[in-house]
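Asks: Protein chains in written order, with our numbering: chain A, 683 to 1007; chain B, 683 to 1007; chain C, 26 to 355; chain D, 26 to 355.
Simulated from the structure, these hints should not be mistaken for lab results.
None of the values given here were measured: they were computed from a predicted structure.
One or more hints might be untrue.
[What the hints assert, rightly or not] Facing chain D, a subset of chain C residues (Cβ under 10 Å, in silico):
no., residue
1, 180
2, 220
3, 312
[To be verified] These stretches of chain A come out as covered by chain D in the derived footprint (C-beta under 8 Å, 3 or more residues):
no., region
4, 709-722
5, 738-744
6, 815-828
7, 837-851
8, 973-985
Ideal placement from N, C-alpha and C gives every residue a C-beta, glycine not left out.
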Amino acid sequence: MSVQSVSLVEAVRLAALQEMRRDPTVWVLGEDVARGGLYGQYRDFLPEFGAERVVSTPISESTIMGAGLGAALVGTRPIIEMRIFDFVMCAMDELVNQIAKIRYMFGGQAKPSVVIRMPHGIWRNSAAQHSQTLESWFVHLPGVIVVTPSTPADAAGLLVTAIRSDDPVLFFDPKNLFPVTGEVASVIEPIPFGKARRVREGRDLTLVSWSAIMPAVEQAAATLAAEGINVDLLDLRTLWPWDREAVCASVEKTGRLLVVHEAVEAAGFGAEVVASVIEDLGPAGIKAARRLGAPRIPVPFAPPLEDAVKVTPDKIVAAARGTMR
Amino acid sequence: MSVQSVSLVEAVRLAALQEMRRDPTVWVLGEDVARGGLYGQYRDFLPEFGAERVVSTPISESTIMGAGLGAALVGTRPIIEMRIFDFVMCAMDELVNQIAKIRYMFGGQAKPSVVIRMPHGIWRNSAAQHSQTLESWFVHLPGVIVVTPSTPADAAGLLVTAIRSDDPVLFFDPKNLFPVTGEVASVIEPIPFGKARRVREGRDLTLVSWSAIMPAVEQAAATLAAEGINVDLLDLRTLWPWDREAVCASVEKTGRLLVVHEAVEAAGFGAEVVASVIEDLGPAGIKAARRLGAPRIPVPFAPPLEDAVKVTPDKIVAAARGTMR
Amino acid sequence: MQPQHNIRRLVELYSAMCRIRAFETAALTAHKEGVIPGPLHVSIGQEGVATGVCLNLRASDRITSNHRGHGHALAKGAGVQGMMRELFGREGGHCRGKGGSMHIADFSVGMLGANGVVSGGIPIAVGAAQGLKMTKSDAIAVCFFGDGAINRGPFLEGLNWAALYHLPVLFVCEDNGVAAFTRTEAVTAGPGVIARAASLGVPGETVDGNDVMAVDEAAGRLVAEVRSGKGPRLLQARTYRITGHTSTDAAAWRDPAEVAAAKTRDPIEKLANLLSERGVAASEIDGIRSAAEAEMAEAVADAKAAPWPDEAIAYDDVQDVGAVAFGGRA
Amino acid sequence: MQPQHNIRRLVELYSAMCRIRAFETAALTAHKEGVIPGPLHVSIGQEGVATGVCLNLRASDRITSNHRGHGHALAKGAGVQGMMRELFGREGGHCRGKGGSMHIADFSVGMLGANGVVSGGIPIAVGAAQGLKMTKSDAIAVCFFGDGAINRGPFLEGLNWAALYHLPVLFVCEDNGVAAFTRTEAVTAGPGVIARAASLGVPGETVDGNDVMAVDEAAGRLVAEVRSGKGPRLLQARTYRITGHTSTDAAAWRDPAEVAAAKTRDPIEKLANLLSERGVAASEIDGIRSAAEAEMAEAVADAKAAPWPDEAIAYDDVQDVGAVAFGGRA
Ligand SMILES: Cc1ncc(C[n+]2csc(CCOP(=O)(O)OP(=O)(O)O)c2C)c(N)n1
Ligand SMILES: Cc1ncc(C[n+]2csc(CCOP(=O)(O)OP(=O)(O)O)c2C)c(N)n1
Ligand SMILES: [Mg+2]
Ligand SMILES: [Mg+2]
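Generate coordinates for the entire structure from the input sequences, incorporating the hints supplied.
Replies: This is how it looks when you write it as structure tokens:
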């Protein structure tokens, strides 16, 4: 199987393309998708699949979400494109009260086979309403799968799995990593949900992260290695299901845990990881278990202010050193 | 100052009444509020304050929320009534992207002085769309205060504080506790946010909880006391700000922590409490730190199924015993 | 199909309405006895709408409903035993006891579910119609909602969308003049739902919802138009909710004279009178009604005797246990 | 006030439009140089709308805006230095550098903020009008939004609400025929915004938004009606967005001939020609324009020289540190 080096946005484009070619019930709806989408993630889809399967919609987020669900209920597999994550707030009834609950509430009669794509995170001084990342909310919401890839290969493989899933999948496209390149196979195989990827092997500290912040974490890990601190670095890739087993196994080995996320620290998914590890392993054997996230403020516009909320390699290195004391 | 014994719903009615009498800029909007509200929490408001200050609205949750904000920006202090929590999903853009961010985003120019009242929780087999409690979401959302009382006196005092607050307050009315009675002073004093209430003093285990589940927790604490396990029981009362100091001080004393909430355990606020305690005290001194919440499933309708998601005194006792091993 | 209001059709309509009335009356009683848990919204007095519309549909057509959905479900052909067991929260309910009255659904007959959120069914119906069109089905979608729903955003978005993509969907606004405890006119500006629909590109018309034959005629025509690819249509059916908002609401704020007057316009009584005028024997008319009552009494007895669902099923029908439970398609 | 289109008024309108054009042209250049961060949406070609409407408002009136809000802010009287510094993310910006272009606001002149969410300003304006009415103010609220916003739910909810409570709010639909990269006609069913407003009880009218005098006249009239308690009104102003959706969008999908034709209808050129016809000297007309350009060049120079905000301020303007920070009122 041949392999090519592509950007992350091209990788997800290829994944959706492959699945739309494979399965005629897969289609996409959202604003400007017929023009290729805001980031080119649907480039050239319109000529190949036509306006019935590549549906540019009005600015009607509730209906983009809700119509996607309705279309799933009659046997199609919609990819619901939200343009940016923040706009999902205009469609929360459809997502939270309908999509997430419908299979359960109707005792298994409904098959809400939708993928909801939400390019998320801090991106070029877009300020408070265009920079959010609330992925932990959806871990707390029964009925949905939460996918948060960070590499072209993972994004492609997980998107394939998402499209084939019968359950609703929230797919957090890491918009700040769209230009990042990596190798992707010409036939994209599905990657199972709930399996972390080990990025680096180490015995001193377990570092857990996901999504757009991963490159910063890797950079920090390299710096730490130069100081003689060897981290066991896991990219969770999906937050529900999440690879509790792999994290616990790693912490059993290192005795130390640092979870890093771009999102606000308070009540973020980092808390879940720390609490789970403490519950599974007991506090006794553990030397440190901490989180590093953003302060509890909206994302500001000006570069020096935005830097205050950003988790940077320096901050990660400092937090990691802190766990070693 | 005289004191009377009233139900929780009457206590919050009296609190809102007192504040509307005190401050002519306070008013209430929501569906059926002119008829007294769904639970009688605004009974007799219409005759006293008139239709301009007791505004029964169309079924337009986005606008109930957004108009409340707009009215705050011109100097009034709206109480935004959401009827039940789940309907706030129809108004999330207005809450998350507008209300929570407006003060910050505009550099302090805006004063979003609103109270958003959201009767929440599991209530009489109301099934998945009418039983949710996602309070932890809003701890993760910068810009809002999160209030979760469990007694008539706390609900009344915290509602007074909420109405006087210049910042947006999410007030989670514990709808299942509306009939519960307790003493309330005839002049309701504000209760500061961020101060836990010690319900029971003990040296064996720190038990932390809030809102509708508190009576079950108290019952469990009594059972445990009979077994010789004396719990230090804290009702957090507000989740942001929350009384991290009081919780840590208690765990320093007991060495054991159990956080109990009605909400789903995964990524609930219990995780934040556990992670914070581990970070502040370090794992070394702690013997156990756990959570007890609901399984990650929507709330089902039938009584025996609903029981599966309910946190009961028995489950709390069992979990508490588990931490003592 | 232009409905022929021959005796046979009238009897069909009458029987369908009687079954809804009997179902809901039995459910109300059971709820008062405390054997049906949770909230219960009945549509007593409104049976003409569900009946007149659904009797023009095929099994393959889909409907979405609101919180007041028993009539829509029954008229669409949902199994009575499964419905009653669902209301009781028992094993064998259509939703396995997970939904209850407010989430009644029977996908096997195209009933895609009641909804606890006002106007929640609108985008779902629109999407179902889009999916049906995309897959070249000749089935259509029908969306039932109340007059209260036209003040929520999804009404605008959904109708604009349906008109834009020329979707096979019939919107049915069941206009009983009231939303919970508020008269709709007190919270609804402008000339009404027909004008709103027209402004969004959806032609609509109004019918007396208590005249089941009028509903039958209009629905038959509109369903045919929708099915033939003419795009979405809206039907406003004016009716009256004789009972309160929920089973525990006496609607005491209404003038008793108003309710009494409304009872004289009861769609079931009206049709019974007509049947009698047309020469159908009183015994036959009563027989239809008592057959319906007997059917529902039996359903209640069955539901009462049915076992509770096993607690273990609370944990299925949802991906909740990680990778193992993930049911991907190869 | 019925606007008198004497020379004085024309000059006032011309000057206001020139200032908006000059501000945005300067900002575009600075953005291309990389000294303005983040997304930037300019309204070049649309200046007639903001100008014609806002010059009929009082300082106490409030406006809400959308993502394309520089013109609305300037026309409402927002301080230029504070605006430009905000776009640059510098100290002294109206939002202290926390908002940027998409969240431009100047509460001191009643400009309640741009908005990054399409139609986000609608409920806020409606609520502001309700608060103003409640407090017996004679101020009104004006709500600017694009043609794209009429397909989101808040449009329906907000207009119904305003009509219902008879609120002093003027809705201004700035109709440039396009929403991001999609022609509005391709996503908007029915006869249009005026019909939608009428169906919700809000009378509306259409004006050529590139004819600033026509906007001035219509807005003057509608503002007076709204202020006198006649209830909400809607003004649809047809215009054209000469530049792309954002500063980085060339809008290459548009036929160059279309853009060229639109440029001949440029509201600023049109008014310059009229002024000249009415005998105003070319030097005076040019003088107004170059004064505006000079003002904005100075604002850019000032903003470039202004210091970055101190990182410490990132942590204020939000309750984030617990009880201590809680600013309750006694
Ligand atoms: C979004 C939302 N808001 C409020 C409610 C509470 N509620 C349930 S039914 C109802 C009235 C609905 O009126 P209408 O749509 O006319 O239907 P009807 O009850 O008259 O059949 C209300 C307000 C809800 N279920 N959903
Ligand atoms: C709810 C929401 N959906 C999508 C967007 C992305 N977006 C920003 S501006 C825009 C187009 C808006 O068109 P219109 O309202 O006509 O204003 P114009 O840009 O033409 O001035 C879109 C889709 C958004 N900001 N908010
Ligand atoms: Mg109604
Ligand atoms: Mg536009």
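Asks: Quick check: which numbered hints come out false for this structure?
Replies: Numbers 3, 6 and 7, in rising order.
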